[in-house]
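Protein chains: 4
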Amino acid sequence: MKSIQKKTRVGILGATGMVGQQYINLLVGHPWFQVTHVVASSNSAGKSYGEAVEGRWHMKNALPETIKKLMVYTVDDLASVKKNCDFVFSALDSDIAKIWEEKYAEAGIPVVSNASTHRTTSDVPMIIPEVNPEHLDMIKIQQKNRGWSKGFIVVKPNCSIQSYIAPLAALHKKFTLKSVIVTTMQAISGAGHPGVASLDILENVIPLIKGEEEKSELEPRKILGSVKGNAIVSDTSFTISAHCNRVPTIDGHLACVSFSCEKKPSEKEILNAWKNFKGVPQELDLPFAPIQAITYTDEANRPQPRLDRDNDKGMTVSVGRLREDPVLQWKFVGLSHNTIRGAAGGGILIAELLKAKGSV
Amino acid sequence: MKSIQKKTRVGILGATGMVGQQYINLLVGHPWFQVTHVVASSNSAGKSYGEAVEGRWHMKNALPETIKKLMVYTVDDLASVKKNCDFVFSALDSDIAKIWEEKYAEAGIPVVSNASTHRTTSDVPMIIPEVNPEHLDMIKIQQKNRGWSKGFIVVKPNCSIQSYIAPLAALHKKFTLKSVIVTTMQAISGAGHPGVASLDILENVIPLIKGEEEKSELEPRKILGSVKGNAIVSDTSFTISAHCNRVPTIDGHLACVSFSCEKKPSEKEILNAWKNFKGVPQELDLPFAPIQAITYTDEANRPQPRLDRDNDKGMTVSVGRLREDPVLQWKFVGLSHNTIRGAAGGGILIAELLKAKGSV
Amino acid sequence: MKSIQKKTRVGILGATGMVGQQYINLLVGHPWFQVTHVVASSNSAGKSYGEAVEGRWHMKNALPETIKKLMVYTVDDLASVKKNCDFVFSALDSDIAKIWEEKYAEAGIPVVSNASTHRTTSDVPMIIPEVNPEHLDMIKIQQKNRGWSKGFIVVKPNCSIQSYIAPLAALHKKFTLKSVIVTTMQAISGAGHPGVASLDILENVIPLIKGEEEKSELEPRKILGSVKGNAIVSDTSFTISAHCNRVPTIDGHLACVSFSCEKKPSEKEILNAWKNFKGVPQELDLPFAPIQAITYTDEANRPQPRLDRDNDKGMTVSVGRLREDPVLQWKFVGLSHNTIRGAAGGGILIAELLKAKGSV
Amino acid sequence: MKSIQKKTRVGILGATGMVGQQYINLLVGHPWFQVTHVVASSNSAGKSYGEAVEGRWHMKNALPETIKKLMVYTVDDLASVKKNCDFVFSALDSDIAKIWEEKYAEAGIPVVSNASTHRTTSDVPMIIPEVNPEHLDMIKIQQKNRGWSKGFIVVKPNCSIQSYIAPLAALHKKFTLKSVIVTTMQAISGAGHPGVASLDILENVIPLIKGEEEKSELEPRKILGSVKGNAIVSDTSFTISAHCNRVPTIDGHLACVSFSCEKKPSEKEILNAWKNFKGVPQELDLPFAPIQAITYTDEANRPQPRLDRDNDKGMTVSVGRLREDPVLQWKFVGLSHNTIRGAAGGGILIAELLKAKGSV
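Chains as they are written, first to last, in the numbering used here: chain L, 3 to 362; chain G, 3 to 362; chain C, 3 to 362; chain F, 3 to 362.
Keep in mind that the hints were calculated from the coordinates and are not lab data. Hints may contain errors.
With a straight-line cut-off of 27 Å between C-alpha atoms, the simulated BS3-like cross-links for lysine-lysine are [said to hold, decoys possible]: (1) 265(G) to 180(L); (2) 212(L) to 212(C); (3) 62(L) to 62(F); (4) 62(L) to 277(C); (5) 315(G) to 315(C); (6) 180(L) to 70(G); (7) 62(G) to 49(C); (8) 49(F) to 212(G); (9) 70(G) to 277(C); (10) 212(F) to 62(G); (11) 357(F) to 85(F); (12) 277(G) to 70(C).
One side of the interface only, derived from the structure: several residues of chain L facing chain G at Cβ under 10 Å [what the hints assert, rightly or not]: (13) 69; (14) 183; (15) 199; (16) 204; (17) 205; (18) 206; (19) 207; (20) 208; (21) 210; (22) 219; (23) 247; (24) 249; (25) 258; (26) 260; (27) 285; (28) 308.
Since this is a predicted model, take the numbers as computed values, not measurements. C-beta atoms are modelled at their ideal positions from N, C-alpha and C, and glycine is treated no differently.
With the hints as extra help, turn the sequences into a complete structure.
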């Protein structure tokens with residue numbers, strides 16, 4: 003499935019920001035997708051992308067020449083978007099996303115969004131391709147609800163939950179999750195650039211990331227919910243409590259998770275569930291799919307952000323330290339790369355799934 | 003109470019290590035205690051203390067001249083200890099402590115110990131002066147049990163629990179603690195020097211500190227236990243689950259705590275319990291007692307290790323972010339200075355309490 | 003000299019920024035000066051100072067109650083300044099300082115400034131109290147030049163040069179400095195808050211601080227220059243080359259310095275010059291004067307920012323590792339606390355000198 | 003040249019240390035070389051390599067299965083070495099290297115060494131393949147001097163000089179280098195594992211690395227020297243002064259360099275010399291050769307360790323900020339990856355050159 007003849011043309015909304023840059027960076031040499039359109043604020047519009055990001059290109063790899071030359075458009079130039087691309091990744095700020103994503107969809111352009119705007123919209127699926135690919139069925143309903151023909155919106159969840167949702171989802175069907183208490187230690191790249199001031203975080207921990215705990219407690223319920231009638235109905239059979247902290251790491255969100263299920267699984271059952279956890283991306287061998295959606299390690303002091311975040315191209319969830327929890331039933335440590343799996347890489351995997359399903 | 007005429011003479015066992023140095027550092031100018039004897043390994047024995055720590059004095063303040071000149075003794079020279087000091091702080095390694103602390107006590111020398119050796123010994127009280135001063139009643143029983151006359155052993159608990167035990171103890175009596183899930187983010191100084199390799203922790207988090215979770219789960223039960231007959235009986239009415247992490251901070255252990263009680267307290271009841279929490283050290287106005295054993299802050303993103311660890315001479319527990327917990331009842335963030343409150347400072351406060359009670 | 007009956011009333015211009023906060027922080031309990039007036043941007047004007055800095059008070063010590071209640075004025079309200087204070091510290095941004103500092107001086111208000119605006123103005127003295135107190139003679143000339151009666155402007159130099167100018171000045175008179183090559187490793191607090199983005203500096207070094215090398219190469223020549231006629235004439239007999247780097251330390255600018263003199267001093271001559279280096283602040287026993295303006299250490303791996311920046315209240319320059327330089331004559335390492343000696347503390351020492359001389 | 007039919011068999015002395023691990027890591031999939039023999043201390047001998055490094059494999063990539071199974075030998079088992087490999091990389095500690103490297107050479111085994119032992123031995127060439135490949139002529143003389151037939155010793159220089167020697171060497175032939183003053187900011191990985199204690203370096207700079215300044219001042223003279231008679235004669239026409247600092251970066255040694263030549267080159271001449279600098283590795287297209295031995299960047303604030311150390315597989319020297327120096331003639335910033343170019347990668351490039359020349 004990895005070779006497709008003519009590449010799908012992709013636009014990036016919010017292309018000069020950190021997530022937009024990460025999209026451009028990760029899509030270099032992508033076998034299916036080609037960045038053909040970049041949208042940014044009016045400050046950048048009319049410039050070449052190279053000029054627009056001069057002095058603030060934060061990726062390690064150099065900006066490719068072909069992207070450098072792309073002209074930057076403003077978000078309101080829908081005609082150019084329609085001419086230049088088949089679908090868009092939206093890395094817009096929430097307030098701008100609120101205004102424009104629906105207009106794009108209405109105009110017939112599929113939108114894969116990193117913005118938080120539509121995460122709670124009941125007919126917008128929030129997708130982790132290995133976890134809830136069936137929520138893409140919602141697209142047709144969404145189009146019908148809205149009177150849209152070709153366009154639609156799908157969103158990816160917040161980066162903070164990626165380190166533990168897949169491991170919990172792997173258990174939920176069989177053992178029915180009841181309670182989760184999670185403490186995250188999140189990397190500074192999650193706040194973008196300039197983001198966290200060095201004076202605030204160097205040799206320090208900040209025990210608050212605004213809005214993050216609320217998202218962490220709600221989003222998993224929607225992801226593990228089900229399509230019912232015109233909407234996705236959250237699964238409220240389990241409850242999550244989140245403590246979110248910022249720590250001085252560059253990339254990689256780490257999570258300490260305690261949980262219990264309706265039926266307590268054995269250690270072996272859990273490890274098997276994780277080992278055998280495969281999703282549609284793995285079955286379809288999607289280009290950005292990790293070999294293992296969940297990678298369990300026996301090493302006693304792992305996963306660690308600096309050592310494990312890049313495992314399997316930054317797309318796997320690294321898990322370790324499964325042990326009994328004296329209060330709930332079990333506890334473990336999870337890690338995912340927040341700017342790859344948790345942001346642009348996660349969005350690309352959604353788009354690959356959409357492509358494989360014929361939706362883009 | 004703060005002026006006492008003739009200072010009590012104090013020996014430091016393990017005087018050249020990090021905790022030993024911290025004792026010496028904190029005791030400079032102490033109104034009641036005077037360091038008169040230093041014990042270290044045979045490598046250092048016979049040297050002056052100044053020579054023994056040359057090039058490895060890790061305190062910010064310069065080593066005082068009077069201490070520099072003290073001769074270093076070996077741990078087996080009990081005669082010199084008896085001649086030179088009224089009681090000792092033990093910062094010995096556990097295996098050495100196992101051999102020697104009882105011999106000291108037997109020889110009539112009170113031992114206030116930071117070693118983990120006797121924390122689980124049933125007739126050895128493990129003291130946080132604001133929390134369980136009544137456990138000092140155990141001293142007489144211990145002496146009787148062992149046939150000791152003047153000597154005894156009291157220990158202070160592990161540094162990792164100091165960030166949350168006082169806040170929980172303040173609620174326990176009235177509301178009966180049931181369940182606690184805590185994730186700690188512990189500073190590198192907790193591992194001593196050289197301790198954690200920089201290659202392991204810089205721009206990283208290590209989700210394991212050997213033995214720390216076990217201690218964190220057990221020690222609070224003894225501290226909140228009660229003297230019954232010949233032993234301290236742990237309070238097993240509540241259960242703790244601990245996740246312990248090493249983070250790249252210098253000093254200050256941070257804890258994210260979720261808990262529930264038999265009777266759910268209101269927010270106001272909790273804040274009042276913390277605000278009004280006073281202990282014997284505050285009543286007696288002990289020199290090292292913080293003004294507030296627990297300092298609650300309303301600022302949304304506090305406490306933070308770098309900004310709050312030195313509050314109230316590093317002896318208070320800084321607490322913030324009390325909010326409802328969807329799984330248990332409440333959650334909060336706690337912080338204490340691990341090498342002051344959590345190590346030497348905590349030991350000194352125990353000794354001050356012993357002095358005030360006439361036990362040393 | 004340390005007790006003065008009625009305190010001099012001090013205003014802080016730019017009071018809500020980092021340097022302004024540092025002034026307020028360091029002046030708590032000052033024996034001579036009392037902060038009575040605070041000036042900030044129109045966003046803060048009309049609020050109490052406590053409200054104005056809520057959530058962005060970056061000092062470790064809590065904001066004192068008396069300061070909290072001060073009303074914040076705008077910079078253009080000269081009448082209130084005149085009513086409320088005897089002189090001002092200016093921590094204004096350069097462009098604002100350019101407009102207002104002269105107006106303040108003209109209105110009769112002495113200005114001790116941290117802004118770079120007037121550092122190159124020929125009749126404005128740039129003072130390090132131990133190095134060139136005689137440049138204060140320029141005040142009368144400046145007043146005559148400008149037709150000012152009571153007001154005047156004096157400035158303190160850039161923080162990056164404080165780590166090595168005193169040690170070099172101590173040698174200049176006797177041995178005549180010729181060439182200096184210096185590489186600085188500067189702390190993030192030098193850029194203020196938010197200042198350096200954590201994503202830029204964590205686990206990294208940035209080998210550029212805009213404008214810093216130029217200042218470092220020019221300012222020492224003015225400081226070591228002399229009052230001639232209506233102006234301070236720079237000493238161009240020596241040349242400095244500076245490499246300025248930002249490193250991930252919180253406070254403390256470190257400098258590696260190679261230098262040569264017209265007459266090569268011996269090691270002993272250098273160490274004696276440093277040891278015996280005393281200035282007017284030490285002679286007058288000014289409150290903020292360090293005991294030693296230069297503190298030399300024999301320890302092979304010192305000074306270090308984290309361990310030595312707070313020496314002598316953060317006001318001394320710590321120096322070590324004097325050794326022969328194969329290219330120039332000698333090399334050494336210097337360190338000073340950039341936000342104390344290098345910013346607000348340095349300004350306060352200038353003001354104390356002015357007070358002692360009767361100028362404020 | 004990149005395909006060679008039968009791979010050369012390689013042994014690693016000191017295979018369990020950090021540099022040894024880096025060799026094994028970098029040689030995975032090498033087109034010419036295959037690791038067939040691993041030597042470590044007697045603690046590890048007899049174990050499989052996988053067992054020997056369990057819990058202390060510090061590379062990001064997993065240890066390959068084929069290497070895991072290799073049996074670990076002791077250094078004195080020369081017979082096994084001779085049987086199993088064609089040449090060895092020595093990552094032995096200096097004192098062990100002193101004893102064994104010559105015995106290996108005598109036994110007919112070529113040794114490419116990272117140890118400092120023979121760097122000052124006059125008939126042992128110290129090679130940077132782009133800079134002084136002609137020093138390999140010394141091998142025949144060395145063999146003659148020593149009465150060795152097939153074996154020999156070549157060494158690679160200290161990691162600290164790699165960031166600036168190539169840029170200076172590129173100018174030396176044409177403009178004759180006179181004076182260099184360099185300040186390095188070196189990464190913690192340069193000290194191996196456990197190496198620098200986190201308590202020493204976190205939020206700090208240590209202005210001393212033992213022995214590093216001496217090596218930095220001497221080694222370049224040998225590298226730029228010439229083969230004369232039985233020995234390599236150092237080029238003493240230029241003088242280097244080095245300040246070496248440890249900073250909290252993981253990888254990448256940064257250097258601030260000021261220099262002058264007998265004939266002052268123009269900016270254009272320098273940039274051309276760097277741009278056109280090609281060496282034998284580039285001509286021969288050796289597998290580990292960077293495309294550019296020196297990569298100049300125009301970006302004002304580069305090179306930076308975290309952003310640029312991995313450029314060109316970590317094998318290029320990144321250079322930037324060329325500007326006039328007021329004391330000497332020019333100054334610039336250089337960076338190289340200390341554990342790749344500066345250690346194992348540099349050794350591999352030497353071995354590739356030896357292979358291409360038919361010496362191994």
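Hints, one by one, checked against the model:
1. Restraint check for residue 265(G) and residue 180(L): satisfied, since their Cα atoms lie roughly 22 Å apart, inside the 27 Å limit.
2. Annotation: proposed proximity of residue 212(L) to residue 212(C) is violated, straight-line Cα distance about 33 Å (limit 27 Å).
3. Only pairs whose Cα atoms come within 27 Å are accepted, and residue 62(L) paired with residue 62(F) is accepted, the gap being roughly 17 Å.
4. Only pairs whose Cα atoms come within 27 Å are accepted, and residue 62(L) paired with residue 277(C) is rejected, the gap being roughly 48 Å.
5. Among the hinted pairs, residue 315(G) with residue 315(C) is consistent with the structure: their alpha-carbon atoms are about 17 Å apart, no more than 27 Å.
6. Pair hint residue 180(L) plus residue 70(G) does not hold up; C-alpha atoms about 60 Å apart against a cutoff of 27 Å.
7. Proximity of residue 62(G) to residue 49(C) is assessed by CA-CA distance (about 39 Å); at most 27 Å being required, the pair is judged violated.
8. Simply put, residue 49(F) and residue 212(G) have alpha-carbon atoms about 26 Å apart, close enough for the 27 Å limit, and the pair holds.
9. As the CA atoms of residue 70(G) and residue 277(C) are separated by approximately 23 Å, the hinted pair is consistent with the 27 Å bound.
10. Taken as a hint, the residue 212(F) and residue 62(G) pair is honoured in the structure, with Cα atoms around 23 Å apart against an allowance of 27 Å.
11. For the proposed pair residue 357(F) and residue 85(F), the alpha carbon gap of about 19 Å is at most 27 Å, so the pair holds.
12. A distance of roughly 23 Å separates the Cα atoms of residue 277(G) and residue 70(C); the hinted pair therefore holds under the 27 Å criterion.
13. With its C-beta approaching chain G no nearer than about 29 Å, residue 69(L) sits outside the 10 Å limit, and its interface hint is violated.
14. For residue 183(L), the interface hint holds, the least distance from its beta-carbon to any beta-carbon of chain G being 5 Å, beneath 10 Å.
15. Violation of the interface hint for residue 199(L) is found here, the shortest Cβ-Cβ separation to chain G being roughly 12 Å, above the 10 Å cut-off.
16. Because the beta carbon of residue 204(L) sits about 8 Å from the nearest beta carbon in chain G, less than 10 Å, this interface hint is met.
17. A least Cβ separation of about 6 Å between residue 205(L) and chain G falls short of the 10 Å threshold, and the interface hint therefore holds.
18. Because the closest C-beta pair between residue 206(L) and chain G is about 4 Å apart, less than 10 Å, the hint holds.
19. The beta carbon of residue 207(L) comes within 5 Å of a beta carbon in chain G, closer than 10 Å, and the hint placing it at the interface holds.
20. The restraint placing residue 208(L) at the interface with chain G holds, with a minimum CB-CB distance near 6 Å, inside the 10 Å limit.
21. At its closest, the beta carbon of residue 210(L) sits 4 Å from a beta carbon of chain G; the interface hint therefore holds under the 10 Å criterion.
22. Because the closest C-beta pair between residue 219(L) and chain G is about 6 Å apart, less than 10 Å, the hint holds.
23. Satisfaction of the interface hint for residue 247(L) is found here, the shortest Cβ-Cβ separation to chain G being roughly 7 Å, below the 10 Å cut-off.
24. Here the hint on residue 249(L) is kept, as its CB sits about 6 Å from the closest CB of chain G, short of 10 Å.
25. Hint on residue 258(L) holds. Least Cβ distance to chain G is approximately 4 Å, under the 10 Å limit.
26. Because the smallest distance between the Cβ of residue 260(L) and any Cβ of chain G comes to about 5 Å, under 10 Å, the interface hint for this residue holds.
27. The beta carbon of residue 285(L) is not positioned within 10 Å of any beta carbon in chain G (closest approach about 31 Å), and the interface hint is therefore violated.
28. With 10 Å as the threshold, the beta carbon of residue 308(L) comes within range of chain G, its nearest partner Cβ sitting at about 4 Å, so the hint holds.
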